Amino acid sequence: EAGVAQSPRYKIIEKRQSVAFWCNPISGHATLYWYQQILGQGPKLLIQFQNNGVVDDSQLPKDRFSAERLKGVDSTLKIQPAKLEDSAVYLCASSLDGRAGGYEQYFGPGTRLTVT
Amino acid sequence: KNQVEQSPQSLIILEGKNCTLQCNYTVSPFSNLRWYKQDTGRGPVSLTIMTFSENTKSNGRYTATLDADTKQSSLHITASQLSDSASYICVVAAGNTGKLIFGQGTTLQVKP
Numbered sequence: 001e002a003g004v005a006q007s008p009r010y011k012i013i014e015k016r017q018s019v020a021f022w023c024n025p026i027s028g029h030a031t032l033y034w035y036q037q038i039l040g041q042g043p044k045l046l047i048q049f050q051n052n053g054v055v056d057d058s059q060l061p062k063d064r065f066s067a068e069r070l071k072g073v074d075s076t077l078k079i080q081p082a083k084l085e086d087s088a089v090y091l092c093a094s095s096l097d098g099r100a101g102g103y104e105q106y107f108g109p110g111t112r113l114t115v116t
Numbered sequence: 001k002n003q004v005e006q007s008p009q010s011l012i013i014l015e016g017k018n019c020t021l022q023c024n025y026t027v028s029p030f031s032n033l034r035w036y037k038q039d040t041g042r043g044p045v046s047l048t049i050m051t052f053s054e055n056t057k058s059n060g061r062y063t064a065t066l067d068a069d070t071k072q073s074s075l076h077i078t079a080s081q082l083s084d085s086a087s088y089i090c091v092v093a094a095g096n097t098g099k100l101i102f103g104q105g106t107t108l109q110v111k112p
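Chains as they are written, first to last, in this note's numbering: chain A, 1 to 116; chain B, 1 to 112.
Calculated directly from the structure, the hints in this document are not laboratory data.
This one's a predicted model, so the numbers in the text were calculated from it and none came from an experiment.
Ideal placement from N, C-alpha and C gives every residue a C-beta, glycine not left out.
A portion of the hints provided could be inaccurate.
Claimed, not checked - No farther apart than 30 Å at their CA atoms in a straight line, the calculated lysine-lysine pairs in the DSS-like style are these: (1) B:37 / A:44; (2) B:57 / A:44; (3) A:62 / B:99; (4) A:62 / B:1.
Claimed, not checked - Have a look at the derived ranges for each label pair, beta carbon to beta carbon: (5) A:40 / B:1: 19 to 25 Å; (6) A:51 / B:81: 25 to 31 Å; (7) A:83 / B:55: 42 to 48 Å; (8) A:63 / B:81: 43 to 49 Å; (9) A:28 / B:11: 35 to 41 Å; (10) B:40 / A:64: 23 to 29 Å; (11) A:73 / B:24: 47 to 53 Å; (12) B:95 / A:27: 26 to 32 Å; (13) A:27 / B:67: 48 to 54 Å; (14) A:66 / B:16: 45 to 51 Å; (15) B:111 / A:66: 25 to 31 Å.
Make the full structure from the sequences, and use the hints.
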């Protein structure tokens, strides 16, 4: 079974530039998550999708971050414009059904973003 | 406020030794508690998942315990190997929403 795929793996941009990350979840997984992980901290949920609908985006800085999952499969996360404090690893995860607490979440390798 | 706190923040041990990582949580309602291992440059990988009724679960050399009364969990690593060097994250799933509350992680370094 293929895992969660993410690209790119690394990205360096200057502040005020824009950047986009892509995620392909495990086939058949209805729930997709984007997390931000700052060095030395645990992941912080940015947004959770159930199929192509948003379940939770309470911690997404909506003035600069946006995410979509148009066909309920792949997802993109965009930052525009980037700030220095956005430097972090962006993790994508998926699960069969995130509405229940018992299903495992599978994480991708992450995209390491450096904003200079 | 739902919180998960881990200790120690970092730990260095010699290869072959055992170690125990701690996790305290204040998450309500509780669904399950998970321990993840995160290697440098990789996403977290699940080691164990425990529900309210389980107080011990093993995965090879990893053994997790859960005391739901005191809201504490521990992860014990036996006969450590160099490949155990990683960050270990305690995660609690809240209620029936599936929302995960992450601890900040314990960074373990195993030295030869």
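Checked hints:
| no. | hint | in the structure |
| --- | --- | --- |
| 1 | B:37 / A:44 | holds (16 Å) |
| 2 | B:57 / A:44 | holds (26 Å) |
| 3 | A:62 / B:99 | holds (20 Å) |
| 4 | A:62 / B:1 | holds (23 Å) |
| 5 | A:40 / B:1: 19 to 25 Å | holds (21 Å) |
| 6 | A:51 / B:81: 25 to 31 Å | violated (41 Å) |
| 7 | A:83 / B:55: 42 to 48 Å | holds (45 Å) |
| 8 | A:63 / B:81: 43 to 49 Å | holds (46 Å) |
| 9 | A:28 / B:11: 35 to 41 Å | holds (38 Å) |
| 10 | B:40 / A:64: 23 to 29 Å | holds (28 Å) |
| 11 | A:73 / B:24: 47 to 53 Å | violated (38 Å) |
| 12 | B:95 / A:27: 26 to 32 Å | holds (28 Å) |
| 13 | A:27 / B:67: 48 to 54 Å | violated (38 Å) |
| 14 | A:66 / B:16: 45 to 51 Å | holds (49 Å) |
| 15 | B:111 / A:66: 25 to 31 Å | violated (44 Å) |
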